[in-house]
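J.: For this one, chain D is given, so just place chain Z on it according to the hints.
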Amino acid sequence: MQNAHLRLGRLEYQRSSVKTQTHIFVHVSQYVGEDEQAHLLSYFGNDAEVAAVTAAIQENHRFDLIFPDGKKQRIGFGSDATCYKGNLNLPKQKKSLRHIVAVSSWLHANGGAGRTFLLNEDAEDLAWATLVSLQGLPADPRWGTNILKTLRQENKLVSLAGIGCTPAVVHATRQELLERIGQACSTQVLPFPEKNGPILWPSFEVKDVLAQGMSS
Amino acid sequence: MRNVARIKLGYYPLPPSEGERLRGLLKFPTEGASVLDPCAGTGAALHQLTEGAIVERFAIELDADRAQRATEAGITTVHGNLFDVQAKSGSFSFLYLNPPYDSEVAAFGNKRMELLFLQRTFRWLVPGGILLMVVPHAQLEDCTDLLSDAFSRFQVFRLTDPESERFDQVALIAVRTRVSGADYEKNREFLISTIWQKSLPLLTGEEPPYNVPPSASAELFYRGLPLDEVEGLVLSSAAWNKTRSFLLPKEESSVGRPITPLHGGHVGLLCTAGLLNGVFGTEQERHIARWRTVKYVTTFEEKIDGFTEVHKRERFSNELALVYEDGRTLVLTDEKKKENKDAERTSEARAA
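Protein chains in written order, with my numbering: chain D, 378 to 593; chain Z, 59 to 410.
Simulated from the structure, these hints should not be mistaken for lab results. The hints are all genuine.
Using 30 Å as the maximum straight-line C-alpha spacing, the simulated DSSO-like pairs for lysine-lysine come out as follows: (1) Lys449/D to Lys300/Z; (2) Lys448/D to Lys169/Z; (3) Lys533/D to Lys353/Z; (4) Lys533/D to Lys308/Z; (5) Lys300/Z to Lys533/D; (6) Lys462/D to Lys308/Z; (7) Lys469/D to Lys300/Z; (8) Lys146/Z to Lys472/D; (9) Lys308/Z to Lys353/Z.
Here are some, though not all, of the chain Z residues that point toward chain D, as calculated from beta-carbon distances under 10 Å: (10) Asp121; (11) Glu287; (12) Ala296; (13) Val337; (14) Thr340; (15) Arg348; (16) Leu378; (17) Val389.
Glycine included, C-beta positions come from ideal geometry on N, C-alpha and C.
Chain D with its partners taken away, still in its complex shape (with noise of 0.2 Å):
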């Protein structure tokens, strides 16, 4: 891909103390949060800079995020922030750089109390097999546009800023959603499977949804 400028975000962190002033910044190629609440968190940069951030998230300090469009938002993960590591090893170079996925306690407890984070609200196929699999709800692929559209109506899905994604939250637990599709059911709204056996559903890599989260 080209033009990455045009789509990475920007992180910044700043700290003071009596001895010494911090300063530093990575690049943010994904982010998933909800107004100050930072709930994922993809960056990359050099050894010493993603220490720093790393470090800073689990002491729960707070940073600034700029968008690619250029506007500002203080962000914090809260406690108990989960950080995922990895390298990214260019080939013209010869050391490596480190990568992490920082996550939230709430993102991490997906589909517990009452909320579903969706990484691509774009994608319905998706966003209704996320939300299927992670509240466990008996249901066919096909229901999806019907129930998501109803839930967008009733801002029980709400979209979240983002980078390098379009994410969203679905709040509502896994017992109104059976009674949702029940309700669905019982009108003929959806149409039930003709064949008894299993659903199939689509699979999904990260990779490719991440790819597709970044041209959307």
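T.: Chain Z in isolation, oriented as in the chain D frame:
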């Protein structure tokens, strides 16, 4: 800057008619020289300003497509951010600055790009080297301190192309000079009077030219990250695979017919593993079934020697949700859930 302008990275190319007139201001040496445009676009302006001259052209451009076109036009182009590019002091004879008319966001304290581009590149000019800046008239004010400290022989012309008038564009031309402390104030006063004279002279193309000094072949070094390449690599990072269980749906369906009939134990195992989800039953009892694993956490306290120990006992169980064709729904769970009303239930992903 408006967002529309930001999207095209503040790319407003020099009108060709102005380029033609500006070319008349420059006289290039026959020995050869290195010239630089740090915000080059497709390189058309640099080509026009150095037309017919024996020069080595260098460019820096942030946009991949435009950088590619500049390279194809025979210009040595660095694709990247100017602030990640380095060059030796005194490398270039001519510097053409037409930076984005915008402010930097945060990194340098929201300073104007016109000043930042000048600050970054002016040392790359050889003594006697020529600076040509095409900027909105008002933006020269921020640059006066730096210009009067490092340049002399200023001239400012108003550009007359309709597109240039829209942005109130002027062209400032100056010569790189070591200005001594005593001359600084005088130089500054001259610059200010040149910039803010009542009516700026219009550029006609007939003005006496500035002599561009010769210089050796130059080199540009890019120290930034290759963001286009890294963005692709990030998608395959191992870090993402660890987040799959709570970001994406789990593949649970299994198809195919077993070689021999399953006995009760097999069916039980497959059900609880979520491998027998699907549509079952006949007529009014037709339903979709879905199994999932749940974790129950029971908390209890124990008093030992005046201390209270808090114990958490975890237990995994299975749950079956059903939706019938007529709209009935049912969740079958084990009895423990009713017994322990304070039990905490976590998602399948968390349990995994």
